[in-house]
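Number of protein chains: 2
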Amino acid sequence: MKKLNIAIIGLGNIGSYLYKYLNQNKKIISKKNNCIPNITYISAKNKNRKRNFKINKKLWLNNYLDATKNKNVDLIVELIGGAEGPAKKLVFEALKNKKHVVTANKALIAKYGDQLSKIAEKNKVNLEFEASVCGGVPIIRSLKEGLIANKMNKVFGIFNGTSNYILSSMDKENKSFNEVLKNAQKLGYAESNPTSDLSGDDVASKLKILSSLCFNSFLNKNIHVEGIKDIDKDDINYAKRLGYKIKLLGYAELIGKNIYQRVHPTLIRSSSYVGSIDGVLNAVIIDGNPVGQSVIQGEGAGPAATTSALISDISSILRGNIKFPFSISNKERKNLDFKDISERFFSAYFRFNVTDKPGVLSNITQIFSRNKVSIKRLVQDPNKNKSSSSIIIITHPSKDKSLNKIIKTINKRSYVKKRSKLIRIDDE
Amino acid sequence: MKKLNIAIIGLGNIGSYLYKYLNQNKKIISKKNNCIPNITYISAKNKNRKRNFKINKKLWLNNYLDATKNKNVDLIVELIGGAEGPAKKLVFEALKNKKHVVTANKALIAKYGDQLSKIAEKNKVNLEFEASVCGGVPIIRSLKEGLIANKMNKVFGIFNGTSNYILSSMDKENKSFNEVLKNAQKLGYAESNPTSDLSGDDVASKLKILSSLCFNSFLNKNIHVEGIKDIDKDDINYAKRLGYKIKLLGYAELIGKNIYQRVHPTLIRSSSYVGSIDGVLNAVIIDGNPVGQSVIQGEGAGPAATTSALISDISSILRGNIKFPFSISNKERKNLDFKDISERFFSAYFRFNVTDKPGVLSNITQIFSRNKVSIKRLVQDPNKNKSSSSIIIITHPSKDKSLNKIIKTINKRSYVKKRSKLIRIDDE
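Protein sequence lines correspond, in order, to chains A and B.
Per the working numbering, the first sequence starts with residue 1, numbered consecutively.
Per the working numbering, the second sequence starts with residue 429, numbered consecutively.
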């Protein structure tokens, strides 16, 4: 049987899991692909870090970059992480030297995917990144193969398990953001530095990759990104009263001739499919022609789910299934004009915390009307033991820039006691 | 650019949709696969049937079998249907003559898939059948590629849109089976002869295909199949009161060292994911190692969703992605011993319609106890204006053969007014 020589670079949780899994399941993977995955080298920053397996010294490379020039390497699995530095150097060098690359690095692909894909295509090697977007959800292979027939209109969903865990725990346990975050860190559901998960940047990288696959476009930087760190318990509770949950959602969508990419907390009906996805799960919903709506759901992260994705990419290369990294030749990918969301219409949820005095409500509603935003629902709640109240407003669909203008205007008023909130609603 | 010559045989709703779709999207499909899908021939039983496109006479084959020997045909798409007759002849002949085959024919694959797969492997051509199982759900490609790393423990779900539509409409509209069926036929959700949908046979074919893929086994005929035609409004309503929905589910599962295949109406928690899938949707849940649980959901049938699946198979062949039809070489596929479910444990729902007289309840509970089935919950409801009552019993997990023994024994009693019911519960 043919064999393919593999170097695994990066041996953290994921690299270690993959290394062990490939060794333990070599026979069945060989049989399924008619080609043997043969690990010839491994390398990582720190040779002596404590790992749950013994490193075979014959496989160890002192300089990880040597893998890119070694004739006993056909495929490099990059598990270093980060858009810059060693990961970037490794992947560029590997492709230039006609090595196949498999990576779980969403930041790298979202930033340099176009350049990398051009080198891969020129050198007729694979660049595969299933593991970079929602590990346990085979979404990239489904877009590139299982759903290849389709003209996509929309892809959206929950792409970050950490923030979904935090929001759903706040909802279920009625706890504050910080309490839940601490607990998530204790349980290993949030990293000690969870910035990119909470800021929406992690979702943004994944969404950029998905939208370029859906629309046959180059990666596009025009994306609206908001994270979840301003969501508080009151927002969660008001949303619940109104029949919604708050989820951090990513959307790439074609509306008329406009494409939008956006990541932000969203009110979505509790009874909807996405509303029911709680905890660390990921869910991707695709809307295409002719398939209609398809949903893929699974564990988004963690060494096990990520290894499932890495092996699917490695298997594809074992079978010699050479494809364009972004589903279509770079010559054919388009430079689409992604639009700013300011002109897009949204229904929205507003929350104002205001001094309880006459004229406030009338001033607020006046500002809405001046911005041509019409109100669908209004709830005024006196705050307990305070001379202030909360005003919740749900609007009819209105231009995003008008919604933002309202927030800006009202925040300047002296009757505002806390920064006002604006959360978009998914009302489709 | 290379091209691949295609013959489409069978031009009903699906064949016609595919023919038009391939023509209209030839350019983008060629670009994605670096190879042109070139339709050289078409054929169908009736040339003069009314179709929504004009048949190009140059493409028409009077004898569909000629496609299997024509040197201008590389790939035959079989859309005739049925496990025997012309479809069987066509696919066998095609593979023998080294033509690739793409088919949507679940009955054929479930019955002759092993033989066909051997010929395909020997002749190094593809035999692909994504469209045979849940069209809009790319489950076969996900099992063969996206989730290739995994050792599967279980695959289950809703594989038949017609019966799911009927059961969920009975639930929502509180209508009888026959009322809903008539309506489904009017709306095109059920065929004029819906036997194979309602008997569970359609699900059984799909399940056999999925379980052989999951467990790397040959197709296995040992499968327990029950359909939905005995489910009535009262069952639906009692299930609802107890927090369940009734769904027609298919399961292939590895428990300990035993593999079971089963298709039957099942009580499943209304609040569960599968419980929430209503209407004509299909949902497939996979439980594997290392991926954990993944879910794929989408439209199960209809020309559009089926075409999405057919094009994904055709694309795979356009890219020269030659694979084993059942994921692994026939030499490596196992002859696993699938077990009868009689020894498997299930919780169950029983419904008895009995004369309202002293001693009945005590006799029933005695029969349960004699069969070592312990009762978890019992509800007795007097029927309106009648000297009879309904007794609903939910059991703890018990051997399937004991559950069946109870039904058989009690049905013989003179106090039974209507045939008793036994529906298994999914309580995992």
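Do not rely on the hints blindly, as some may be mistaken.
In silico DSS-like pairs for lysine-lysine, Cα to Cα no more than 25 Å straight-line [what the hints assert, rightly or not]: (1) K31(A) to K552(B); (2) K454(B) to K27(A); (3) K552(B) to K151(A); (4) K762(B) to K649(B); (5) K546(B) to K2(A); (6) K98(A) to K455(B); (7) K31(A) to K526(B); (8) K840(B) to K785(B); (9) K455(B) to K124(A).
The hints are simulated quantities; they were obtained by calculation from the structure and are not laboratory data.
Hints, verified against the model:
This hinted pair checks out: K31(A) and K552(B) have alpha carbons roughly 16 Å apart, not beyond 25 Å. Of the pairs offered as hints, the one joining K454(B) and K27(A) is violated, with about 39 Å between alpha carbons and a cut-off of 25 Å exceeded. Between the alpha carbons of K552(B) and K151(A) the distance comes to roughly 31 Å, so the proposed pair goes past 25 Å and is violated. Distance restraint check for K762(B) and K649(B): the Cα-Cα separation of roughly 14 Å lies within the 25 Å cut-off, and the hinted pair is therefore satisfied.
The hinted pair formed by K546(B) and K2(A) meets the criterion: a straight-line CA distance of about 21 Å does not exceed 25 Å. With a C-alpha separation of about 29 Å, the suggested pairing of K98(A) with K455(B) is violated against the 25 Å cut-off. For the given pair, K31(A) sits about 23 Å from K526(B) by alpha-carbon distance, which is consistent with the 25 Å threshold. Simply put, K840(B) and K785(B) have alpha-carbon atoms about 17 Å apart, close enough for the 25 Å limit, and the pair holds.
Restraint check: the Cα-Cα separation between K455(B) and K124(A) comes to about 22 Å, which is no more than 25 Å; the hinted pair holds.
Going through the hint list in order, the structure does not satisfy hints 2, 3, 6.
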